[in-house]
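Protein chains: 2
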Amino acid sequence: MILTVTLNIALDVTYRVPALRPHTTHRVTDVWERPGGKGLNVARVLTALGHEVTVTGFAGGATGRIVRERLTGVTDALVPVSGATRRTLAVVDASSGDTTQLNEPGPLITPAEWSAFLKVYGELVAGADAVALCGSLPPGVPVGAYAGLVRTARAADVPVLLDTSGEALRRGVAARPDVIKPNSDELAELTGSHEPLRATQDARRRGAQSVVASLGPEGLIAATPEGRWRAAPPARIHGNPTGAGDSVSAGLLSALVEGRPWPDRLARAVALAAATVRSEVAGEFDRTVYEELLGRITVTGDATAA
Amino acid sequence: MILTVTLNIALDVTYRVPALRPHTTHRVTDVWERPGGKGLNVARVLTALGHEVTVTGFAGGATGRIVRERLTGVTDALVPVSGATRRTLAVVDASSGDTTQLNEPGPLITPAEWSAFLKVYGELVAGADAVALCGSLPPGVPVGAYAGLVRTARAADVPVLLDTSGEALRRGVAARPDVIKPNSDELAELTGSHEPLRATQDARRRGAQSVVASLGPEGLIAATPEGRWRAAPPARIHGNPTGAGDSVSAGLLSALVEGRPWPDRLARAVALAAATVRSEVAGEFDRTVYEELLGRITVTGDATAA
Numbered sequence: 000m001i002l003t004v005t006l007n008i009a010l011d012v013t014y015r016v017p018a019l020r021p022h023t024t025h026r027v028t029d030v031w032e033r034p035g036g037k038g039l040n041v042a043r044v045l046t047a048l049g050h051e052v053t054v055t056g057f058a059g060g061a062t063g064r065i066v067r068e069r070l071t072g073v074t075d076a077l078v079p080v081s082g083a084t085r086r087t088l089a090v091v092d093a094s095s096g097d098t099t100q101l102n103e104p105g106p107l108i109t110p111a112e113w114s115a116f117l118k119v120y121g122e123l124v125a126g127a128d129a130v131a132l133c134g135s136l137p138p139g140v141p142v143g144a145y146a147g148l149v150r151t152a153r154a155a156d157v158p159v160l161l162d163t164s165g166e167a168l169r170r171g172v173a174a175r176p177d178v179i180k181p182n183s184d185e186l187a188e189l190t191g192s193h194e195p196l197r198a199t200q201d202a203r204r205r206g207a208q209s210v211v212a213s214l215g216p217e218g219l220i221a222a223t224p225e226g227r228w229r230a231a232p233p234a235r236i237h238g239n240p241t242g243a244g245d246s247v248s249a250g251l252l253s254a255l256v257e258g259r260p261w262p263d264r265l266a267r268a269v270a271l272a273a274a275t276v277r278s279e280v281a282g283e284f285d286r287t288v289y290e291e292l293l294g295r296i297t298v299t300g301d302a303t304a305a
Numbered sequence: 000m001i002l003t004v005t006l007n008i009a010l011d012v013t014y015r016v017p018a019l020r021p022h023t024t025h026r027v028t029d030v031w032e033r034p035g036g037k038g039l040n041v042a043r044v045l046t047a048l049g050h051e052v053t054v055t056g057f058a059g060g061a062t063g064r065i066v067r068e069r070l071t072g073v074t075d076a077l078v079p080v081s082g083a084t085r086r087t088l089a090v091v092d093a094s095s096g097d098t099t100q101l102n103e104p105g106p107l108i109t110p111a112e113w114s115a116f117l118k119v120y121g122e123l124v125a126g127a128d129a130v131a132l133c134g135s136l137p138p139g140v141p142v143g144a145y146a147g148l149v150r151t152a153r154a155a156d157v158p159v160l161l162d163t164s165g166e167a168l169r170r171g172v173a174a175r176p177d178v179i180k181p182n183s184d185e186l187a188e189l190t191g192s193h194e195p196l197r198a199t200q201d202a203r204r205r206g207a208q209s210v211v212a213s214l215g216p217e218g219l220i221a222a223t224p225e226g227r228w229r230a231a232p233p234a235r236i237h238g239n240p241t242g243a244g245d246s247v248s249a250g251l252l253s254a255l256v257e258g259r260p261w262p263d264r265l266a267r268a269v270a271l272a273a274a275t276v277r278s279e280v281a282g283e284f285d286r287t288v289y290e291e292l293l294g295r296i297t298v299t300g301d302a303t304a305a
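Those protein sequence lines, which keep their order, are chains R and V. Take the first sequence: its position 29, counting from 1, is numbered 28 in numbering that gives the first Met the number 0, and each next residue is one higher. Take the second sequence: its position 19, counting from 1, is numbered 18 in numbering that gives the first Met the number 0, and each next residue is one higher.
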């Protein structure tokens, strides 16, 4: 079982309007809703790849209830909270294709709710093959939260991937997670360097055992205890990048628990990310594109230079 | 018991953002939610005035569940439907105070659901002192729906107020409702006349027994079988007009079931509408303002000229 943690889950709502004009009234022509939050996205991709997944984090209120009803194919171990799960609203302007995003703040987590989560997490980690810690921290959760969650996983000898940003990432990295997967902005914020090769090395010195950095449409670079690699798709992929980072996490973790070596993990991650960018539905991956690309990812590097 | 009918209820959601900029991402600073739809607003005011109220219409999905949980002080006789109750979203730009409105379309009502409603409505009307039919028709409900509901109430000798617009109003008026309360746009659309005195008379000829037309901040004019009146607040009231029309309906109906004559009904309606415009919370009425204004409404007209 792979455990994904999403402390700040959301109900992602999408509205389509003919054209968005501030200070007027709009008739929404289409409405879509689905569970959101990085850890839930990772779980969806892992499930599609045939893995058994348990999701945890917090859920509350009517929106939390909708999210839980819509979770299919995963084991729901979300911890109930008194506040209401946030919504994120994407308003798509059909005339321009542009999106306006409105994100609710999320519920305040009480100390008692945080303690309840830590207990559930400790029990779940004991039965997990790998853990993904994903996304931002909701109000009320201590900023050093991910460091504690990383240490719990490491104490149980369970590989742990951390995907967050800012101070939560900085503190989490110090607890020596097995993998971090920052994008270039997150990596630069962590290390102060905008040069990816140098920054990945620096992030390892700060504590991350392996660093897989996204180069956007050019693929990934990885600095690991087993070596350094670069993985690239056969051509630049155009489309909607929503969810591509979560597909990278799912690719890395699924191949890790299957015992695959780093080049295979990176190839899978790049193929899944590209198949997500190419999908017609934001955040989903196109299986045909994935299978077609998987054998065509170029992985270069060497297994001793790390 | 007063029965209010809201065929197209909503969950009214309000977001405050620092400034709305299309095609960017916003952090929503405040979120409010409450049951919405004209008939539910009328019910809230009637309850605050001490009347026993039953609400009916349709509710479905997670949003319908939230609306039902939030209905307090009224008897809930909403008919369950398979589609989800719509949301309306008001995005308030804190920098300008302007509001951008995004309205979901609402669920499609099936013929079986409409039949189920007609049965419930027939039973409720039999025990009602008055009926308010409020708002737009959801998809699937026949455009002549209000005419049928008016006839059912009239057959049971229960006074019926109709507050809708467009073709639904035109067809409903022909069934001879006791009261309609159009605003100036609705009245002009119904009669083709922009001259309120003439248009109210014309609306009576089309079938409405009494017509109470809103003149906005200048109050109301009424053409009834008992006479014609004009009711005005002591001064123009400034504020947010949201819900003022629903307060007019509540004022008219509450005074009607209490056996008050037309001038009293109109004074109450104008005072409630003004207290709604002046309230800090959109759609609520300020009780202190209401009680202070009630004795200061000027009602002019005569009881024989109708």
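Since the hints were derived computationally from the structure, they do not count as laboratory data. Just so it is clear, the structure is predicted and the values come from calculations on it, not from any experiment. Each residue gets a CB set at the ideal place from its N, CA and C atoms; glycine is no exception. Any given hint might turn out to be false.
Incomplete in silico selection of chain R near chain V, CB under 7 Å [what the hints assert, rightly or not]: (1) Thr24; (2) Val27; (3) Ala61; (4) Ile65; (5) Val142; (6) Thr287.
If you anchor each label on the Cβ, the simulated ranges turn out as follows [as the list claims (entries may be wrong)]: (7) His22/V x Gly226/R: 56 to 62 Å; (8) Ser114/R x Thr28/V: 41 to 47 Å; (9) His22/R x Gln200/V: 32 to 38 Å; (10) Met0/R x Glu166/V: 53 to 59 Å; (11) Glu166/V x Ser114/R: 55 to 61 Å; (12) Arg69/V x Gly258/R: 51 to 57 Å; (13) Thr109/R x Asp128/V: 43 to 49 Å.
Checked hints:
At a threshold of 7 Å, the smallest CB-CB gap from Thr24/R to chain V is about 4 Å, leaving the interface hint in force. At about 5 Å, the closest approach between the beta carbon of Val27/R and any beta carbon in chain V falls short of 7 Å, and the interface hint on this residue holds. Hint on Ala61/R holds. Least Cβ distance to chain V is approximately 5 Å, under the 7 Å limit. Satisfaction of the interface hint for Ile65/R is found here, the shortest Cβ-Cβ separation to chain V being roughly 5 Å, below the 7 Å cut-off.
With 7 Å as the threshold, the beta carbon of Val142/R stays out of range of chain V, its nearest partner Cβ sitting at about 18 Å, so the hint is violated. The restraint placing Thr287/R at the interface with chain V is violated, with a minimum CB-CB distance near 31 Å, outside the 7 Å limit. Roughly 42 Å separates the CB atoms of His22/V and Gly226/R, a value that falls outside the hinted 56 to 62 Å. Between Ser114/R and Thr28/V the beta carbon distance is about 28 Å. The supplied range of 41 to 47 Å is therefore violated.
In this structure the supplied range 32 to 38 Å holds for His22/R paired with Gln200/V, their Cβ-Cβ distance being about 37 Å. Met0/R and Glu166/V have their C-beta atoms about 58 Å apart, which keeps the hinted 53 to 59 Å range intact. Taken as a hint, the range 55 to 61 Å holds for the pair Glu166/V and Ser114/R, whose Cβ atoms sit roughly 59 Å apart. Roughly 52 Å separates the CB atoms of Arg69/V and Gly258/R, a value that falls within the hinted 51 to 57 Å.
For Thr109/R and Asp128/V, the Cβ-Cβ distance of about 47 Å falls inside the hinted range of 43 to 49 Å, so the restraint holds.
Going through the hint list in order, the structure does not satisfy hints 5, 6, 7, 8.
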